[in-house]
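Asker: What follows is each chain in one-letter form.
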Amino acid sequence: MTPDNLTVAVIWGRLAAICEEIAEALQHTAFSDQVREGGDYSTAVFDVDARLLAQANRSPAHLGAMPGVVKHMIEYYPPETLKPRDLIIMNDPYIGSGHLPDVFAMSPVFAAETLVGFVCCSVHVTDIGGSTPGSQGVVGVTDLMQEGLLILPTLLYRDGEANQEVLRLIESNVRVPELVLGDISAQRAALHVGAFKMGELYEKHGEKLVSAAAEIFIDRSEQAVRAELAAIPNGSYSFEEYLDDMGPETEPVLMAVTVTIEDDSITYDFSGSAKQVAASINCTLTYTAAYCYWATKAITTGDSIPQNEGQLRPITVTATPGTFFNPVRPAPVGGRALLNQRIVELIFGALGPAFPERVSAGSGQWVNPIFGGTDPDSGRRFIFYDYATSGVGARLTKDGIDSVSPIVSVENIPIEAQEAKNPILVERFELITDSGGAGRTRGGLAVRKDIRMLVGNVNLSNLTDRHRFPVYGLDGGMPGTLGATILNPDTEVEEKLQSKGNYNLRENDVVSFVCSGSGGFGSPLERDQELVYEDVREGKVSVEAAREFYKVELDEE
Amino acid sequence: MGASKLKTGAQLGIDVGGTFVDIVLRTDDGCEHSDKLLAEPDKLIQVIEDSVAKLLAGAGIEGSDVYKVIHATTRGCNAVLERKGPDIALITTRGFRDVLQIGRALRWSMYDVQMDKPTPLVPRSRSFEVTERCMADGSVRTKLIEEELRLLADEFQQKNITSVVVSFMHSYIAPEHERRAKAFLLEQCPELEVTISSDVSLQGREYERTSTAVVNAYLTPVLGAYFRDLAAMLPRLGINSQLWIMQSSGGLATAEQAAKAPVSTLESGPAAGVLASTHFGSLCGHKDLLSFDMGGTTAKTAIVEAGVPSKTTYFELERSLNRRGSGLPVDTPTIDLVEIGAGGGSIAEPRLGILNVGPQSAGAQPGPSCYGLGGDKPTVTDANLLLGYLNHERFAGGSMSLDLESANKAMDTLASQLDLDRIRTAWGIYEVVNLEMERALRLVSIDRGFDPRSFVLVCIGGAAAVHGSYLARALGIEKMIVPPGAGVGSAIGLLQALESVELAQSGQILLDEADASERANSILKSMEDNARKNIEGSWSDKDLSVRRAVGLRYAGQGFELKVGLNESGDIDIEQLAESFHVRYEQNYGYRETSLSIEAVTWYLTVTREQEVSHSQNKLAGSDKDFEKLTRSVYLGDAGFVDTLVIDRSALRVGVPINGPCIIEEAYTTTLVLPDDVLTLDASGALVIEIGSTE
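Sequence lines, in order, name chains A and B. For the first sequence, my numbering assigns the number 1 to the initial residue and increments by one for each residue that follows. For the second sequence, my numbering assigns the number 558 to the initial residue and increments by one for each residue that follows.
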C-alpha cells in the first residue's frame, strides 16, 4: 500500500507535532532551571527499526546521538521483552550520551499490543556525582570514573512501576537528588505523553501505512540534502585551529577538519586533530557527528523540514580512534559541551571561502560555569548551573546576532529566577562594545556577566575558551575579541582565572565572565558609513574603533 | 419574549480590524443592524461616526437610546508592527540596561544561519541605568540614588524624550524603588509619561516584565489619543453612554482604564470572537466549548470550560512561524488563544514534492486566485470553491463573485507539480489545512489537559464552518454550533462582554503546611478587596460575581496547572490537592505521591453580571419549506455528490435536516457532512450533531 503525497503530509506533520508535545510535557514537569527555563533537553520519535522519524528542534547534541542510543538500548533489552509503560535510561558517553550529565530515557510505543516504535528524550541533569559539583570539571580529571555515576542501559520503570533500588542508587550518588530525580520523573511523564500519542497515530493509520509514509518522507528528505550537496563542486576543504588549553599550564590542543564533498555526499574527517587529552574535554565521535549533522543541515535544508534519518544518510564522520574527536574509553569527556560550536566553526571555516552565502564567520565562545556549595541558612547543598551565549559571527549580507547561540536553542534563565534559588547576586549582564569583529558586515556582540557570591566556600568549575585564540573573520573580516574570566574585577585584588579550572570562592567574591567576540565578514573599509554611524550611536562600536578599523572619523558626540 | 413594541434601548459593538470595521447595533427587541467598512486609518473616526449614524437611522432610534458602546481594536498590534509609537527611554538597575537587547537569547530557528532576534522597541542608545538593587526576597541591598535620576531627567529634556519606562530587578516583589523613581521623575518633569514595570506585570522574569512595560508605554500615546477621540465622537451622535474597551482577557474596561493599560487590549478582537462562541454555546445549552475562529489569514482556537474562556498571561507580538522567542513577549491576562497562520488565503505549494499549505497568505491583495485579482497560487479558498463548498456567485454576501477559471488554472499548476489531478489536489489542500487546524485545536485542548470529546465546537469567522464538521470528526467531537452572524462574530461577541477586573498574585504556599488554609484564604480576601477598590467609581458594584482559581505544581517544578476554586468562602485544602493530583495524572499519566503540592499563583476575577440576555434573534427561522436546490459537492471517498444547498433564512426552527447539505448566508458557508444532522436552534444558531466520529 503506497500512501499518496497527502497521507504522507498528514503523518509527517503529526510525528513532528508529537515531538513538540513531548517537549512541552517535559518542560512543564521538570524541576531544574536548565530544563524548564533553559531548554537543555531533546525529544525524538523512532520507528520499530529504531529509525529516526522526527525530532523537536532542541539541543543538537542529544539529537545527533539519539539514533545510536535507541539501538544500544534495545541491544540490552530486546524489543520482544518490552512492555507498555517501560522506561529505560542510560548516560554512557561512549554509546551516545557524550557526557555523564546527559541522561537519555526511552519508552516503547505500542498500538493495540504491538510494538510499533520508540519515544526518546534526554535532559541535562544538574549533577551526576564525580569530583566537581555539576560533573563538568575539566582539570585533574583523567579517567571517566572520576566524572560521576555511569549508567549503562537500565530498566528504570517496568509497566509504569519504578525500580526503587535503581532510584535509590542514583539518589545516593548525586549532589542534588531532588533536582536529578525530579527531572528523571519529568522524562517519565513526557514519554508517557509521547508513547500514548504516537500509539494513537499508529492505531489510526495502521503500522504499514505509517512505515510506508515514513519511508517516503525520509527518502525525500535524503534527496533534498543530496540535491543541495550535488550543487556544490566536488572538492576537499580543510581548516584547523586551537583550543586554548585544557587547564592551567597546559598546551593548546590542535583541532582540524577536512570536509570532502563528493557528488551528493559529504565526509568530515577529524583525524588531523591532536591525540586525546588527559583532561575531561575529549569529544566522543557521536558528539562530534551530532554537530556535523547540524552543520550539514544548516548548509542544505536548514529549517525548512524537521530533522530525520534521511538527512543523516549522505554524511560520513570519521576520526582516528584515540584522537581528540574520537577518544577511546576511559578518556574523560565532561567538559565537551564547550566544543559544540567549535566543531561547527571548524566546518564553516573550511567551507566559508568557497560557500560564503551558506555560513557565518566564527562565533563568540559561550561560557558554562558551575558553582556548587552549601547555603548556610538552610544547610542545603546548591548547584548553580549557569551559561551565557556570546554572539553569532557576521553573515555575507548582514551583521551577526548579538547574544544568541550560533547553534543551540537553549535560552537564558531569568536572573530573577536564578537569584531566587541560589545564594548569588548578578551584578551585570550586558553587551560588550567593540566585541563584534569589524567587517563589511560586523560580528554580533558578546556579553559579560558578573556574579557575586553571597556565601563562602563555593566551588567554581569554570568552562570556557578563547582566552588566547580569537575566532576568525571571513573574507578580510576582523576576528572577534578575546574572552576572559576575571575574579574581583576593577579591585586591587583583581585576578585572571583560567578558562578551565576549579576555584574555591569566598563570600563576596565577584566573578566576571567576558565572552569572546564574533568574527566580521569582508573588509571593514567596505562597510556602509551610515551603519558605522549607527553602531557608534548605539554603543556597539566605539569612536576609537570606528577610526581604527573602519577609518571613519566621528566626534565624541 | 419575542418582539416588544417599545424599544427600550440598544447596544453598539465596534470591532476595528486590520482591514475592516465591523459594527453591530442591537436593539433590546433582538434586532441586529450591522455594517462592514474599510478601516481607513486616517478617517477612521469619521467612518465609524457616519456608519453608526446610518445604523441608528435604519433602526429608527436615537443616539440617546444607546446605553452601551463596546469597542475592540487591533490598532495596538498594528502600531507595534509598523513601529509607529513614540521614542521611549528605558531605565534599569545598574548592570542591566541591555535587558531588552539580550532578552532570553533564544535561537528560535535552530538551523537557519540567516535568523535574527526580534527588534526591541527601545534601542540601546535610549537605555539607561541607575544605582539601586533589591533582592529576590524583597529586601533592599542598595538604595536608589535619586541624583542619578535627576541627570537622566535633564538628558530626556534635551533629547525631547517624553515617555520613560522604569524597570528594576525584583520589582515584582519590591516595587518601592520603581515607585520612588516615578515620583521623582515626575517632580523633575511633570510632562513626562512614566511607566513602571511593577504596575504592568508581576512576573519574576525581568525580560518579559520589562518588555510588557515597554509595549504598554509604546501604546499609551497611540491608543490613549485614539480612545479619547472615539469617546469624544459619541456625544456628537447623541450617545451619552461611556465608551467601554474590550480587553484581551475578554473583560471590559472603561476607556480611561484602558488608556492607562493599553497593553491589556492587544488581543481584544480575537477575544471578542471567543465571547461570541461562549454566548451562543450557552444559548444552545452548552458550557464546555472549543471556539474555532478562522478568517482570511489566521485561525484561532480557544477553550471554554464551564462557560468561562481559558486564560493565559503570556503571548508574543510579531511572532514568526508561531515559534516561541521570535516575538516580543507580553505578560498580561489574555484569553488563551492558539493562533496559526492558516486561513482562507493560505497558499498551497509543493515542498520536496509534498503538498504544503501556509503560513504564507495571499492576504486581501492579490487574494486567492478565485478573487481574480492576479493571485496565481492556489489557496484554501480556491480549494473550497473547486470542491463545491463555496458558491461562486454568492461570496461575501454577494458583494463579489468568484472566478472559477483562475482557480482552476492555479490548481492545475500545483497538481502537475504534485503529480495529482485537480480535484485530488484541492482535496489535499482541504485536508492539509484541516490537519493544521486540528493541531491548533489539539494544542488548546489535549495539551492543556482537556478531552475534546466532551466539548462542543463553535465556528466563528468567515471560513470556519466549511471545515468544522470535518475537524469535529477528527477530534471525536459530537456537536458543532454555527452562531448567527458567524462571519462577523467578533463584533457580535463584543456585545456579550462584561465589566470585569482580573487579578493575579503570587503567593507560595505548601498545601501540607498547617496554616495553608488560613494563608490561602487571606490572600484571596485581600485580592477581592483590591478588586472591589479597583471597581469603585468606574462602574456599578451591583450584581458582582467572583471567580477564583489557583496555579499549582509539585514543589520544585516551574510550571503550574490551574485549578478552579469555589466562588466564595474558605477553600478546602484536601479537595484542592486531590483535584491537582487528578489533573496532573490526566495530563502526564502519573501522580507524584511523595512530593508536596505548592500553590503559586492566585487568580481572582470580579465580573458584573449582565441582566439575563433578552435578545432573541429576530431571524429565528422561516415558516415555509425551502427550495430543493442542489450542487455537486466533493465529499472525499464518495467523490462528487449532488448535495442540497439551503439559504439559512429558509430554515425552520427545530426541524432536523440530514447531511450532506450546505447552508449559505451572507458572510459564511456551513458544510454539513453525510450522517450529520442539522437543526436550527431557537437562538438562531445552527446546531449540527456529528454523524460518525473517527
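Misleading hints may appear alongside valid ones.
Stated by the list, open to error - Restraint-style ranges between C-beta atoms, simulated for each label pair:
hint, chain 1, residue 1, chain 2, residue 2, range
1, A, GLU530, B, LEU743, 33 to 39 Å
2, B, GLU1075, A, ASN504, 40 to 46 Å
3, A, ARG468, B, SER877, 24 to 30 Å
4, A, ASP528, B, ASN717, 23 to 29 Å
Hints listed in this document are in silico derivations from the structure and should not be mistaken for laboratory results. Cβ coordinates follow ideal geometry from the N, Cα and C atoms, glycine included.
Asker: If a hint holds in the structure, say so; if it doesn't, say that too.
Answerer: For each hint, the structure was consulted:
Distance hint for A/GLU530 and B/LEU743: a CB-CB separation of about 37 Å, consistent with the stated range 33 to 39 Å. Checked against the hint of 40 to 46 Å, the pair B/GLU1075 and A/ASN504 passes, with Cβ atoms roughly 44 Å apart. For A/ARG468 and B/SER877, the hinted distance range of 24 to 30 Å is not satisfied, since their beta carbons lie about 38 Å from each other. Taken as a hint, the range 23 to 29 Å holds for the pair A/ASP528 and B/ASN717, whose Cβ atoms sit roughly 27 Å apart.
In this structure, only the earlier hint numbered 3 is contradicted, and the remaining ones agree with it.
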